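Colleague: Here the protein sequences come in this chain order: Y and S.
Counting in the numbering used here, the first sequence runs from 1 upward without gaps.
Counting in the numbering used here, the second sequence runs from 1001 upward without gaps.
In short, the hints are calculated from the structure, not lab data.
In this text the structure is predicted, and so the values were computed from the model without any measurement.
All C-beta atoms in this analysis are idealised placements derived from N, C-alpha and C, irrespective of residue type, glycine included.
Check the hints yourself; a few may be wrong.
Label pairs and their in silico Cβ distance ranges [unchecked claim]:
#, chain 1, residue 1, chain 2, residue 2, range
1, Y, Pro14, S, Gly1062, 47 to 57 Å
2, S, Pro1039, Y, Glu3, 12 to 22 Å
3, S, Gln1017, Y, Leu46, 29 to 39 Å
4, Y, Lys42, S, Gln1041, 32 to 42 Å
5, S, Ser1051, Y, Asn27, 40 to 50 Å
6, S, Phe1069, Y, Glu57, 35 to 45 Å
7, S, Thr1080, Y, Gly54, 25 to 35 Å
8, S, Gln1041, Y, Ser53, 24 to 34 Å
9, Y, Ser12, S, Pro1039, 17 to 27 Å
10, S, Gln1018, Y, Glu57, 42 to 52 Å
11, S, Phe1060, Y, Gln1, 13 to 23 Å
12, S, Gln1018, Y, Ser53, 42 to 52 Å
13, S, Gln1017, Y, Ser68, 21 to 31 Å
Okay, derived cross-link-like pairs now, BS3-like style, lysine-lysine, Cα gap no bigger than 25 Å in a straight line [to be verified]:
#, chain 1, residue 1, chain 2, residue 2
14, Y, Lys70, Y, Lys56
15, Y, Lys70, Y, Lys2
16, Y, Lys56, Y, Lys67
17, S, Lys1057, Y, Lys2
18, Y, Lys67, S, Lys1013
19, Y, Lys2, Y, Lys67
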Amino acid sequence: QKEVEQDPGPLSVPEGAIVSLNCTYSNSAFQYFMWYRQYSRKGPELLMYTYSSGNKEDGRFTAQVDKSSKYISLFIRDSQPSDSATYLCAMTVSTAGGTSYGKLTFGQGTILTVHP
Amino acid sequence: KAGVTQTPRYLIKTRGQQVTLSCSPISGHRSVSWYQQTPGQGLQFLFEYFSETQRNKGNFPGRFSGRQFSNSRSEMNVSTLELGDSALYLCASSLEADTDTQYFGPGTRLTVL
């Protein structure tokens, strides 16, 4: 079983829809959570970074973390065709002890298409 | 500020050859991590360097190696290439701490024939 599970989709929604992307994880040591967006033939671009349970909002994006359920979500409001990309969740542990330097563990990525 | 740069962007090699990929981090960033991205396995961590020292390594065979220079630029090397090494190789840089945000480069797409 993978440490991080993410539904690969694909997910297709009409412009203006609210999109919900989700990841579950099994390692309770994960403390820092990220969402990246990756366009075709590009590197991942950081969208959201959070380390506490609850919601964090940035423009049309809201990241939600529920550590008790080991579940994170990304919501995109008023989705646009330019949001069409692969969305990757990523997480890492706190390195008190220094055993996880630089290591992000990623989900498989969800392919999102927003059609006009 | 310029982003993370990787060279070359595309590479075609044959089985048994070796390859070296280069990564220049964002100015001031001292940590460089490398990842392999394939359709089947997704993004997998290869290794991380800080101040010319490898601090962490993923579960890849010894054919995969890397190094970091005093200016924080990093290279990774893959020896005795196999067909399964075909992938997008991404490097990411961060300031220094383990939980600092990682910024990714565009990647080097390696095709092994």
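Colleague: Now tell me, hint by hint, if it's right for this structure.
Modeller: Okay, the hints, checked on the actual structure:
Taking the beta carbon of each, Y/Pro14 and S/Gly1062 are about 50 Å apart, inside 47 to 57 Å as hinted. In this structure the supplied range 12 to 22 Å holds for S/Pro1039 paired with Y/Glu3, their Cβ-Cβ distance being about 19 Å. S/Gln1017 and Y/Leu46 have their C-beta atoms about 34 Å apart, which keeps the hinted 29 to 39 Å range intact. The hint said 32 to 42 Å for the Cβ distance between Y/Lys42 and S/Gln1041, and at roughly 19 Å that hint is violated.
Between S/Ser1051 and Y/Asn27 the beta carbon distance is about 28 Å. The supplied range of 40 to 50 Å is therefore violated. A beta carbon spacing of about 40 Å between S/Phe1069 and Y/Glu57 agrees with the range 35 to 45 Å that was offered as a hint. With their beta carbons about 48 Å apart, S/Thr1080 and Y/Gly54 fall outside the hinted range of 25 to 35 Å. Evaluation of the 24 to 34 Å hint for S/Gln1041 and Y/Ser53 yields a pass: the beta carbon distance comes to about 29 Å.
Against the hinted window of 17 to 27 Å, the Cβ-Cβ separation of Y/Ser12 and S/Pro1039 comes to about 19 Å, which satisfies the hint. As the Cβ distance of S/Gln1018 to Y/Glu57 is approximately 47 Å, the hint placing it in 42 to 52 Å holds. Hint check: S/Phe1060 to Y/Gln1, Cβ distance near 20 Å, so the stated range 13 to 23 Å holds. Between S/Gln1018 and Y/Ser53 the C-beta distance comes to about 46 Å, which sits within the given range of 42 to 52 Å.
Range check, S/Gln1017 to Y/Ser68: about 50 Å between beta-carbon atoms, so the 21 to 31 Å window is missed. Restraint check for Y/Lys70 and Y/Lys56: the C-alpha separation of about 17 Å stays at or below 25 Å, so the hint holds. For a cut-off of 25 Å, the pair hint linking Y/Lys70 to Y/Lys2 stands: about 13 Å separates their Cα positions. For the suggested pair Y/Lys56 and Y/Lys67, the alpha carbons sit about 14 Å apart, so the restraint of at most 25 Å is met.
Distance hint between S/Lys1057 and Y/Lys2 is fulfilled; the C-alpha atoms sit about 18 Å from each other, no more than 25 Å. Of the supplied pair hints, the one linking Y/Lys67 and S/Lys1013 is violated, its CA atoms being roughly 44 Å apart against a limit of 25 Å. As the CA atoms of Y/Lys2 and Y/Lys67 are separated by approximately 17 Å, the hinted pair is consistent with the 25 Å bound.
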